Amino acid sequence: MDKTLPSLTEAVSGIPDGASVMIGGFGGSGSPIELIHALIDRFHATGHPTGLTVINNNAGNGHVGLAALIEAGMVAKLICSFPRSADPVVFTELYLAGKIELELVPQGTLAERIRAGGAGIPAFYTPTSYGTDLAQGKPVEVFEGRPYVQERWLKADFALIKAQVGDRFGNLTYRAAARNFSPLMATAAKVTIAQVSVIGEIDPEAVITPGIFVQAVVQVENPKQEETLNRQKAAYPC
Amino acid sequence: MLKLSNAQIAWRAAQDIADGAYVNLGIGFPEMVAKFQPPGREAIFHTENGILNFGESPEPGEEDWDLINAGKKAVTLKPGASFFHHADSFAMVRGGHLDVAILGAYQVSESGDLANWSTGPKGVPAVGGAMDLVHGAKRVAVITEHVTKDGKPKLLDRCTLPLTGVACVTRVYTSHAVIDIAGRFILREKLAGVSLEELQNMTGAKLHLDGPVLDLNVPEV
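Respectively, the protein sequence lines represent chains G and P.
For the first sequence, this note's numbering gives the first residue as 1, with consecutive numbering after it.
For the second sequence, this note's numbering gives the first residue as 1, with consecutive numbering after it.
There may be inaccurate statements among the hints.
[Said to hold, decoys possible] Below 25 Å or equal to it, Euclidean Cα-Cα: the simulated PhoX-like pairs (lysine-lysine) are:
#: 1; chain 1: P; residue 1: Lys73; chain 2: G; residue 2: Lys224
#: 2; chain 1: P; residue 1: Lys206; chain 2: G; residue 2: Lys77
#: 3; chain 1: G; residue 1: Lys138; chain 2: P; residue 2: Lys122
Hints in this document: simulated from the structure, not taken from any laboratory.
It should be emphasised that the depicted structure is a prediction, and the values quoted were computed from it without experimental measurement.
Produce the entire structure from the sequences given, and follow the hints as far as they go.
Given below as structure tokens:
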């Protein structure tokens, strides 16, 4: 078994128009910038993929990574908890112009919906959002005297995530707080593609994401950080 | 008019955090509470993106952008810190494992409803972890100015802005008072220079008395 791939181009080549794509990261921390940029490159070369539904905590910052993907016009719908950032101009303009759809989900509910999707649990009840606008139309049940809102699982065709070390079996470790949504997304996507800083052996005690959840591993030796790029006023692809 | 600064409100809230407490501080103003832990007490701070026991910001130039808090600011780690993914992080929140959450507010009602995520339908809506954080912590406290910038009450009989959570807030630390919520506002402390009548006039629901009202004494910080 060898899940490693030689290039980013190959890693993102199978994502079709209209696919649902989970993208790891909380803001820039854990954002798989190089995988996203490879997808933008493919779009500029071939016109595909387009009409994507993207699942991420945020809506991108500045003009790199997720913001650049949205700016390229490849995203039809965003499912996220917090579509604001230091520089959210790309998403904000498209949203206010009615050119991108937004499904707003509380952050913990977003995480749990993804976890449920990966765990084969179609629905669950949470206290979060009870009595608020975001609970409208959702079933409510009382457990032990308290009301809870029913939420549904969230699955996707692909997950693009960033990890620290990966091996040929797809086992992954993460760096610091960069793991955030990625271990959950890896379980909830049909095809999980991980960019890793290092391809090498991992102590079984240290594995965070077991390889069964990962279909492809591609090495990006010194991954860029969204925050650093934004401080340099970078824009992708120029 | 006499009132506490934001730092002083944060100082007062910090005095109620016990040694060994697990604490989540909301983004922005509530983050200030961490600075005012009383000497000899060690609280463990939780950030939703996946760290327990993070510390202050690093020196400029020393930032590690994989090591940030929920406000996306660079932080450092304290001894005994841990990392975890988002489902574990929100299990800590909703599962009742945090002792205290301290949050900001646009409005709080006498039944403990909180509005702190949206000022209405304009612009891009964003909720983040606000609706999760109001559930699960053993105490959910709010720190806030007593009135809005144009002098309108923020403590009301009913919130008029979109709700973050229903019947979730148990204590409010304001620029003028400390108020418990148990189906009604119960005044615990007020600034000595503010009369009960003045305070009532700044409050959008009845202030109840249940035992002594202490002076709200806060040092210059």
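Could you tell me which of the hints above the structure violates, numbers in ascending order? 2
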